[in-house]
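Trainee: These protein sequence lines map, in sequence, to chains X, L, H and E. If you use my numbering, the first sequence closes out at 1531, no skipped numbers anywhere. If you use my numbering, the second sequence closes out at 1531, no skipped numbers anywhere. If you use my numbering, the third sequence closes out at 1531, no skipped numbers anywhere. If you use my numbering, the fourth sequence closes out at 1531, no skipped numbers anywhere.
Hints may be right or wrong, so weigh each one.
A pair counts as met if it fits within one copy or between any two copies, since identical chains are not told apart.
Listed next, the in silico DSSO-like pairs over lysine-lysine satisfying Cα-Cα at most 27 Å (straight line) [what the hints assert, rightly or not]:
1. K1501 <-> K1368
2. K1365 <-> K1519
3. K1369 <-> K1519
4. K1368 <-> K1519
5. K1519 <-> K1300
6. K1501 <-> K1300
7. K1329 <-> K1519
8. K1365 <-> K1300
9. K1365 <-> K1501
10. K1329 <-> K1369
11. K1300 <-> K1368
12. K1329 <-> K1300
13. K1369 <-> K1501
Think of the hints as simulated: they come from the structure by calculation, not from any bench.
Each chain is listed here by its residues.
Protein chains: 4
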Amino acid sequence: MADTKLAPPARYDDLKALFINCTLKRSPEPSHTDTLMDVNRAIMKSQGVSVESVRLVDHQIAFGVQPDMTEQGWDRDDWPKIWKKVEAADILVIGTPLWLGEESSVARVLIERLYAHSGQRQDNGQFVFYGKTGGCVITGNEDGVKHAAMTTHFALSHIGYTIPPQADVGWIGEVGPGLSYGDEDDSGAPAGFDNAFTQRNATIMSWNLLHTARMLKDQGGFPAFGNQNDERLSKQQLGHPFWSPDS
Amino acid sequence: MADTKLAPPARYDDLKALFINCTLKRSPEPSHTDTLMDVNRAIMKSQGVSVESVRLVDHQIAFGVQPDMTEQGWDRDDWPKIWKKVEAADILVIGTPLWLGEESSVARVLIERLYAHSGQRQDNGQFVFYGKTGGCVITGNEDGVKHAAMTTHFALSHIGYTIPPQADVGWIGEVGPGLSYGDEDDSGAPAGFDNAFTQRNATIMSWNLLHTARMLKDQGGFPAFGNQNDERLSKQQLGHPFWSPDS
Amino acid sequence: MADTKLAPPARYDDLKALFINCTLKRSPEPSHTDTLMDVNRAIMKSQGVSVESVRLVDHQIAFGVQPDMTEQGWDRDDWPKIWKKVEAADILVIGTPLWLGEESSVARVLIERLYAHSGQRQDNGQFVFYGKTGGCVITGNEDGVKHAAMTTHFALSHIGYTIPPQADVGWIGEVGPGLSYGDEDDSGAPAGFDNAFTQRNATIMSWNLLHTARMLKDQGGFPAFGNQNDERLSKQQLGHPFWSPDS
Amino acid sequence: MADTKLAPPARYDDLKALFINCTLKRSPEPSHTDTLMDVNRAIMKSQGVSVESVRLVDHQIAFGVQPDMTEQGWDRDDWPKIWKKVEAADILVIGTPLWLGEESSVARVLIERLYAHSGQRQDNGQFVFYGKTGGCVITGNEDGVKHAAMTTHFALSHIGYTIPPQADVGWIGEVGPGLSYGDEDDSGAPAGFDNAFTQRNATIMSWNLLHTARMLKDQGGFPAFGNQNDERLSKQQLGHPFWSPDS
């Protein structure tokens, strides 16, 4: 293999990454998902990326699918301040524990609130999430990493995020009750730390998010043509056989 | 909105797209999924993309998770010749009908056979699917577009494809038995052709695949660092707090 | 067909049914899911079943997987009073809207809190949910009925509920934005009310829940052998080739 | 706990169980899924149940959603002979390996072919699957038991099977490549055989299928009212507020 790959192909210190942990446990209770996200954070920080973290359950997020639910009658909604961080971040990493093989309820609150902004547009007509990239970190003691990743990535992609190759990482032990990621085993070693599959995936995922964010930022965002629903465009310009945005 | 977006930002006539239709119906029986994929094909062809199409059920694909199942005792396996097309294509679009809310069995055969190549590497150490992009086209008369898209996109992403924003399109009618995409309604109009949501998504998806393929091709593939499991790389180089590929 | 089926085969007026609506909207805002659950409620009430309804988002349910989260440091948790209703009910119907093809965050809160009781046992050693039956009601304007039903039924089954045949009902319109169940169309007719598929399924589901609850109640619960993890049972008694609960 | 539960509450030797293994491997290649299904089979046989097994990939099953695809132009279709076994069985157990977190393509072929019979009716108007019960057995080396169980149980339930509590069993090891169920570990012990969670669930599942089949058989099938779409029934008889089968 050529030597060129022994160093990062670019700089990433202008990038911002936001980690939202959707554990059900409030601070300061330790979160296994947080422990695994520490790997992603360390890799990104090693490249000078600005990393910010939010534990969503520590905030009072209203239920609903509007950007600010206080405008819908809720007394309090901490989402708008979290949204500012999402908006500013080039990279979003969603962390979630598994319950009955699925992402947590808090993760679904996050997805619903992100979705609430799918009505908003950038100046170029694209959804506000275009030009961003995302991935997920999943922990449990048993089963469901792929299913929760499917759901999370689909939601991100559906609202405008670009999903890099292999953008998920997880750790689960043998089926049934048992240790969660980072719990000490009989020998005092933290579960999953020596799992090459998990650590390699965490590495690949972190770098692929960096590469994708780099590409998108260098391009000035995701290319803006065909994806803005611009009513001035004819079907000929778009190449559609029979439909145009103004029809 | 600026005028710059009224024309495509690049040329795409060096790109190759492969459409694999996973309908359960053999040629020449009409396929609703094919009818919807016609929209994606037309858009890509309008930009000079080389488009090839395969109806998988017309071929005898062995069950299994090896690249060539004749080496595992099967008398016949048409997959290796399809694989050559997958390998050559910058863009892969998987089409599938819905049965009980899921992608077809033929779609799962395709995913299993793609997965069979996840043991292969490019010269730079990446999975062979790195540098490619993909999406999906889904039809049914009832329900399941998002679920089937989740599964399909996750599989593609997991083996190395980059998933653009909004890379799925589907059409289903009101819940319950009814017309499928392109079936004539009482007035003789083809179902779904006038559904702005579907036609817009087909347009967005097609363009986002083009943009992503363009970006990746211009970069010489997906950037190769951190994602090749290169044993010469130390944890310091990768930024991992405690793990390296040679551990 | 024999005439015997023209009347219900039993009485059901000793049964209790609980409907938990997991809409994101608080009372008194109308809920489409509620409108569809009205059909199930009417059928059950026609047989004298005691029907109770809860809109979960009207209550302050803590996040977590313990029966009472005030014991885990939360100031308030309304779940224990809801739990009493779940415990008393022979039939549980979970209603949920669809967001991005999935059940709502509130539905996942419900599932997590139900799961919290999977550590509790009946006197006969079974999980506390054994002997109960359940189903789900799903509304959206677009897609995901089957996927949300899969998740909901699996959760119920996994903790001890018996799932009757065809125990789900849903309504979605043609893919894309549009009316939700019960919204008035241009002619003033409520969407979905004339959908035979939906109304028939609501009928079948309601009756199958009644039949299953009847069977289970008449048996004194779900038969208690092999499912209680009783350490006095040998592998010979259980028929297991090599494992017994005391191993 | 009362002594009554130390013996089975009934006899089961008039029951028939069919195990369909959806492994991708043809006989005589060993199947991990088969090894786990051996536990269920042993428990059922210990009670005198007639047990039959089919490895679906050993047969030539056509793709399609009709009962006999030779009537749709396929030269050969072994499904009709398998169907006879399904029709005769009180209990159906579907076994599947996991690939990319999902059931196998062969499992989806099975589901599609079962679904093909959802247009058929019993004399009492019910779907032909009413009165039967089913469950699933899932193996892999990594992840996806719950997701595959959701899909499989939903399909069974949707066509008429009753799903008992906890009707799934699976084994997966720690995330990443590794042993599959029954593979010998370094000490020569078969993986998963000593996993109490898996062996207990196999036991519970087997017994719950027996109990449910017993209940249904003793009742002469699933009670036939409200679930047969009988056009002679009025909305008053069914309790529906505004719809009847003849509307």
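Trainee: Please go over all the hints and tell whether each is borne out by the structure.
Mentor: Now for the hints, and whether the structure bears them out:
{"no.": "1", "hint": "K1501 <-> K1368", "verdict": "within (19 Å within a copy, 33 Å between copies)"}
{"no.": "2", "hint": "K1365 <-> K1519", "verdict": "neither (40 Å within a copy, 35 Å between copies)"}
{"no.": "3", "hint": "K1369 <-> K1519", "verdict": "neither (37 Å within a copy, 30 Å between copies)"}
{"no.": "4", "hint": "K1368 <-> K1519", "verdict": "neither (36 Å within a copy, 33 Å between copies)"}
{"no.": "5", "hint": "K1519 <-> K1300", "verdict": "between (38 Å within a copy, 22 Å between copies)"}
{"no.": "6", "hint": "K1501 <-> K1300", "verdict": "both (11 Å within a copy, 26 Å between copies)"}
{"no.": "7", "hint": "K1329 <-> K1519", "verdict": "between (46 Å within a copy, 13 Å between copies)"}
{"no.": "8", "hint": "K1365 <-> K1300", "verdict": "within (16 Å within a copy, 44 Å between copies)"}
{"no.": "9", "hint": "K1365 <-> K1501", "verdict": "within (24 Å within a copy, 38 Å between copies)"}
{"no.": "10", "hint": "K1329 <-> K1369", "verdict": "within (17 Å within a copy, 40 Å between copies)"}
{"no.": "11", "hint": "K1300 <-> K1368", "verdict": "within (12 Å within a copy, 39 Å between copies)"}
{"no.": "12", "hint": "K1329 <-> K1300", "verdict": "within (10 Å within a copy, 38 Å between copies)"}
{"no.": "13", "hint": "K1369 <-> K1501", "verdict": "within (17 Å within a copy, 32 Å between copies)"}
The structure is inconsistent with the numbered hints 2, 3, 4, although it conforms to all the rest.
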